[in-house]
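Asks: Please work from the sequences and hints to get the whole structure.
Chains as they are written, first to last, in my numbering: chain F, 1 to 171; chain Y, 1 to 171.
Source of the hints: derived by calculation from the structure; they are not laboratory data.
Every value quoted in this text rests on a predicted model; they were computed, and no experiment measured them.
It cannot be assumed that every hint is accurate.
Said to hold, decoys possible - Derived DSSO-like pairs: lysine-lysine, alpha-carbon spacing no greater than 30 Å straight-line:
#, chain 1, residue 1, chain 2, residue 2
1, F, Lys151, Y, Lys166
2, F, Lys46, F, Lys151
3, F, Lys94, Y, Lys166
4, Y, Lys77, F, Lys78
5, F, Lys94, F, Lys166
6, F, Lys40, F, Lys144
7, F, Lys94, Y, Lys144
8, F, Lys146, Y, Lys94
9, F, Lys78, Y, Lys144
10, Y, Lys77, F, Lys144
11, F, Lys144, F, Lys78
12, F, Lys109, F, Lys94
13, Y, Lys166, F, Lys65
Each chain, letter by letter, is given below.
Number of protein chains: 2
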Amino acid sequence: MSITLLRLGHRIFRDQRITTHCALTARAFGCEKMIYSGEKDRETEKSVKDVVKRWGGNFEIYYEKNWKNFLKNSSQKKILLTMYGVNLPNVIDKIRNESDIVLIVGSEKVPSEIYGMIDYQVAVTLQPHSEVAALAVFLDWYFKGKEMDIKFSNAKMEIIPMEKGKNIKLS
Amino acid sequence: MSITLLRLGHRIFRDQRITTHCALTARAFGCEKMIYSGEKDRETEKSVKDVVKRWGGNFEIYYEKNWKNFLKNSSQKKILLTMYGVNLPNVIDKIRNESDIVLIVGSEKVPSEIYGMIDYQVAVTLQPHSEVAALAVFLDWYFKGKEMDIKFSNAKMEIIPMEKGKNIKLS
Chain F
1 MSITLLRLGH RIFRDQRITT HCALTARAFG CEKMIYSGEK DRETEKSVKD
51 VVKRWGGNFE IYYEKNWKNF LKNSSQKKIL LTMYGVNLPN VIDKIRNESD
101 IVLIVGSEKV PSEIYGMIDY QVAVTLQPHS EVAALAVFLD WYFKGKEMDI
151 KFSNAKMEII PMEKGKNIKL S
Chain Y
1 MSITLLRLGH RIFRDQRITT HCALTARAFG CEKMIYSGEK DRETEKSVKD
51 VVKRWGGNFE IYYEKNWKNF LKNSSQKKIL LTMYGVNLPN VIDKIRNESD
101 IVLIVGSEKV PSEIYGMIDY QVAVTLQPHS EVAALAVFLD WYFKGKEMDI
151 KFSNAKMEII PMEKGKNIKL S
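Replies: Have a look at this one:
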């Protein structure tokens with residue numbers, strides 16, 4: 001089972017925080033890596049890698065200038081998350097049969113060529129909101145909530161859950 | 001049943017997009033309104049109100065300078081979403097018994113006074129990711145996925161779900 005997130009059209013100035021949220025959400029909810037296109041952004045890459053170093057696991061982030069070639073050469077099933085797609089509850093059972101997936105999220109506008117390159121397009125509600133929210137809820141449904149208990153290997157920091165306040169175990 | 005989102009510490013320059021994503025996610029996933037503190041931001045308010053005008057429903061956004069007074073005077077149950085809390089699967093059944101809720105999400109750092117003012121703190125995974133993701137997944141679990149089919153009244157735009165491409169019904 002392998003899920004890659006493909007983030008299209010990253011712009012350093014405008015998208016840095018949202019792209020970082022996408023990457024960290026992908027990691028926390030069970031993706032293996034994020035590939036992003038648009039503007040190469042060493043700062044975002046570094047902040048994601050810093051989280052992986054501290055919080056563990058093997059999540060990776062790569063830049064890919066030519067996302068079309070990447071999709072053409074990939075044998076994974078391609079799933080575009082967009083409010084225009086089939087609503088998640090109506091398609092998730094079928095998608096759970098696919099174990100090797102590229103999940104695609106855009107920035108402001110998704111290039112229309114994408115529609116010829118995908119296997120599914122999935123809406124998480126049919127309302128405008130956030131690619132971060134769509135990504136998290138998609139993965140939560142895909143994994144049926146099991147991602148809530150992922151243990152990340154080699155974590156230097158680990159949270160001890162508390163009813164109030166903070167408790168972090170360092171190792 | 002009434003759920004309010006309280007977004008703390010908004011900064012116009014740094015948080016505008018994330019705060020907007022929080023508001024739109026709150027709307028799409030069944031909250032009634034978002035109250036935000038920090039810097040008053042007419043542009044964010046306008047963009048959220050524009051979405052409501054076009055896509056329907058009664059979602060509201062308000063600025064509240066004094067969030068502590070707001071929480072002190074509120075009779076709603078106060079739930080802080082934070083990675084340090086009790087993991088969602090271990091507490092959601094209890095929280096579903098509460099029908100009148102303020103959900104609280106911070107920006108970079110949450111002021112420590114908050115811990116004396118809340119009823120629950122809930123983690124959505126015990127990993128660092130995104131307040132937008134945490135909010136969406138919390139609401140999805142709270143509503144057991146029923147929010148996926150919310151119909152918004154007086155929508156001028158409505159999506160006709162498609163397996164490929166876009167179809168928007170205008171009225």
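Asks: A separate judgement is required for each hint: does it hold in the structure or not?
Replies: Checked hints:
Distance hint between lysine 151(F) and lysine 166(Y) is unfulfilled; the C-alpha atoms sit about 39 Å from each other, more than 30 Å. Straight-line distance between C-alpha atoms of lysine 46(F) and lysine 151(F) comes to about 22 Å, which keeps the hinted pair within the 30 Å bound. Restraint check for lysine 94(F) and lysine 166(Y): satisfied, since their Cα atoms lie roughly 21 Å apart, inside the 30 Å limit. Of the supplied pair hints, the one linking lysine 77(Y) and lysine 78(F) is violated, its CA atoms being roughly 41 Å apart against a limit of 30 Å.
Distance restraint check for lysine 94(F) and lysine 166(F): the Cα-Cα separation of roughly 40 Å exceeds the 30 Å cut-off, and the hinted pair is therefore not satisfied. The straight-line distance between the Cα atoms of lysine 40(F) and lysine 144(F) is roughly 34 Å, outside the 30 Å bound, and the hint therefore fails. A hinted pair counts as satisfied when its Cα atoms are at most 30 Å apart, and lysine 94(F) with lysine 144(Y) qualifies at roughly 20 Å. Of the pairs offered as hints, the one joining lysine 146(F) and lysine 94(Y) holds, with about 19 Å between alpha carbons and a cut-off of 30 Å not exceeded.
For the given pair, lysine 78(F) sits about 27 Å from lysine 144(Y) by alpha-carbon distance, which is consistent with the 30 Å threshold. Using a Cα cut-off of 30 Å, the hinted pair lysine 77(Y) and lysine 144(F) holds, with the two alpha carbons roughly 27 Å apart. Using a Cα cut-off of 30 Å, the hinted pair lysine 144(F) and lysine 78(F) holds, with the two alpha carbons roughly 20 Å apart. Between lysine 109(F) and lysine 94(F) the CA atoms are separated by roughly 27 Å; this keeps the pair inside 30 Å, and the hint holds.
Pair hint lysine 166(Y) plus lysine 65(F) holds up; C-alpha atoms about 26 Å apart against a cutoff of 30 Å.
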